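Trainee: Sequence:
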Amino acid sequence: MIGVERGYIRGVYHMTLVHPGYRMDDFNKPFNCRMIFHVTMTQRETFFTIVKKLLDMATTAEWRGTSDHNVTETAFDAVKCKLSAVTLGYFSDPFLRYFVEKPTRRIPLIHRGYYLRHVAITHCVELFLSQYQSESQANIVSLGAGFDTLFFRLLKQRQYAGSLNFIEVDCEAIVNAKTQLLNNEEVRAGLFPNDINDLTVEVGGGEVDWQCRVPSASYSLIECNLGDSYLAPEKGTILLRWLAEAFPSGSIALYDPIGLHTSQEDRRENTASSDQQQEDDSSAFGTTLQRYFAVKGCTLRGVRGFQTAADHARRMLALARWQRCRILDMNGVFEVCATADEKHRLTSLEPFDEYADWVLCNAHYAIYLADNTKDNDSIAEQWTTRFVPPTQQHHLLLTASAMPEWKKTSLSDVATIRSFQQGDLAAVQSLFESTHLEFSHGSRAVRQFVANRLRGPSGDMFDVKESFQMLNKAGSMASNFWVAEVGDEVVGCVGVKPLVTASKQRSALVGAVEAFASSFGVYHEIRLETIGAMEGAQKLYRTLGYVEQEPGSEKQHSSSFTLVRFQKSL
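Just so you know, the UniProt record's numbering puts 540 at position 540 of the sequence shown, and the rest follows in order with no gaps.
Hints in this document: simulated from the structure, not taken from any laboratory.
These numbers were taken from a predicted model, which means no experiment stands behind them.
Some hints could be false.
[What the hints assert, rightly or not] Derived CB-CB ranges, DEER-like: (1) Pro233 / Ala451: 37 to 47 Å; (2) His524 / Arg386: 10 to 20 Å; (3) Ser569 / Gly442: 42 to 52 Å.
Where a beta carbon is used, it is the ideal one built from N, C-alpha and C, also for glycine.
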C-alpha cells in the first residue's frame, strides 16, 4: 500500500526591518522570515529520505552564499528582538529566555514587526494542524530555523492529537550553538516541562546531529547550509520547485520582503502610485534595507529577480510549478489576524505614534501562500485558501493566481491565471484592441466600439480596476478581472461586469422618464424599443411592467438585427 504524501515544511529566513527615518544602528534587529509546507505520511523513514536528498543537494559549493558567522549574528539578533517584544506583552513565548540571557529593549516599530510575523506564522500553523487534525502523524521541517521555539510551543499547547515529528535544519554554527543549549540539563528541563521524565535523547548519528523523543512527538536537529535567504533568484527558484516536486500535494507559506526595487528605473516601471511622496518613501525604504544587508555581508540577491506581487506569483506558478498562489502584505495580515480588541490591546503596551512608518514597513513584507492540491473539490478547504476569509480576500490579497490543469514540459509554455494588477493595464488594453480589430474585417462599427471602450473616463477598459467592481455580500466592492500570462506576457483576460449595479441604474433612468411623462398630464403610455440581441434590456423592461408588442406592419428587422417594442400605460 502506498500512502498519500501531504508536505508541510516550515523554513526560517533571517531578515531585518529597516526604515529610512531611523538611524542605521537601530536596525541590528532582523526579522525571521519563514517558509512553510505540510507533510503527513505513514512512514517516518520516507520523510527522512526526502530530507536527506535535500541535504545532498544543498551541500554543494554552488549553494553556499552567506557565511555562518553572518547568519549566526542575525539569528542571535532576532531572538533578542523577540524577547524584547515578549517582555512588553506583544505575544507570549515562555521558551525564549532559554536562548538569550536577558532582553535588550528595542524600538516600538521593531516590536510591532515581530508581533505581526509571530501572529502570521502562528495562524498558518494553526490552520494547517486543524485541516489535518484527523491524520495520525504530521511532520514539520524548519529550514534555517535559527533559535525559533515553535516546536516547544506546539508541544506545550497539545492542540494536535496525532504524533508530531519536528525537524530543524540550519548551518553548522547555529546547530552547534543550539545543541550546546539542549545538552544543558537545566535548559532541557525548561523546554520540556511536562515531558522531562519521558524524554529520550539521541546525540549524533547518521544525518541527525541531535534528536530527542517524547511520547507524542520527536525533535531532530540537522546541520546543512542552504545559503540562507540570500540565494541568487535562480537558486531560490530551484529550491522552491524541488520542494513542489518532492511534496506533490503540499502547501507553502513564505514570509519575505516585497517591492524592494533595485533601481530608479525599476521604481518607475513597477509603481502604480500617483503620490510622489509615497513613491519616494517606498524607494528609500528598499534602498536602506538593501544597503543594511550589504554592510552585514548578507546581500539580498533575490530582490533583483522578483519585486511585485505578479513577479512572485509568476515565480511560484510558472517557474516553481505550484498550482495556486495567494499573496498579501503585512497590513493585510494585521486586518486578518488582529481583532478590534487585540488592536486596542496593542495601543496600551507602549507609546507609539509612527503609524505611517509602520504601514510603509508592512507594505514591504508579505505572506506568500501556495499549494499544489490536485483535487478541485478540496481547494476551498485548504488552509492556504482559508488564511484570508472570503469576505476580505477582494481587498486584502495583492494577487490570487492559479495554474491551469494542463501543463507543458517547457517552462516558457506554462500559463498562469492571476488577478489583475494595475501594472497590467497597458497590456490588457493592447490585447483588447488587437483581438477585436483582428476579427473586425475592417468594420467601422467595431473600430468605434473598441475606441469607446478604451476612451476615458466612461470606457470600462480605460480604468479596468474601477469598472469591473461588484458589491459583495459583505457590502464591500470586489474587483473581478483576471489575466492569463505565459512568462511575463499577458495573453488573455476576462472580467465580470457588475450587472446588478448597472440594472439598478437603468431602472432609475426608466423611472425618471416615467415620472417626467406623468408630470405633464398629457402622456398616456410609454413605448420603448430595443434590438433582439439585447436580452438583458428586454428582461429589465418586463420586470418594470412593460409589455412586449406583437410585430405589426411596421418594419421591425433588418438583415443584421431584429427590433423589439415594449409598451406601458401610465
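Trainee: If a hint holds in the structure, say so; if it does not, say that too.
Mentor: So, going through the hints one by one against the coordinates:
no.: 1; hint: Pro233 / Ala451: 37 to 47 Å; in the structure: holds (41 Å)
no.: 2; hint: His524 / Arg386: 10 to 20 Å; in the structure: violated (59 Å)
no.: 3; hint: Ser569 / Gly442: 42 to 52 Å; in the structure: holds (46 Å)
In the structure shown, a violation is registered for the earlier hint numbered 2 alone.
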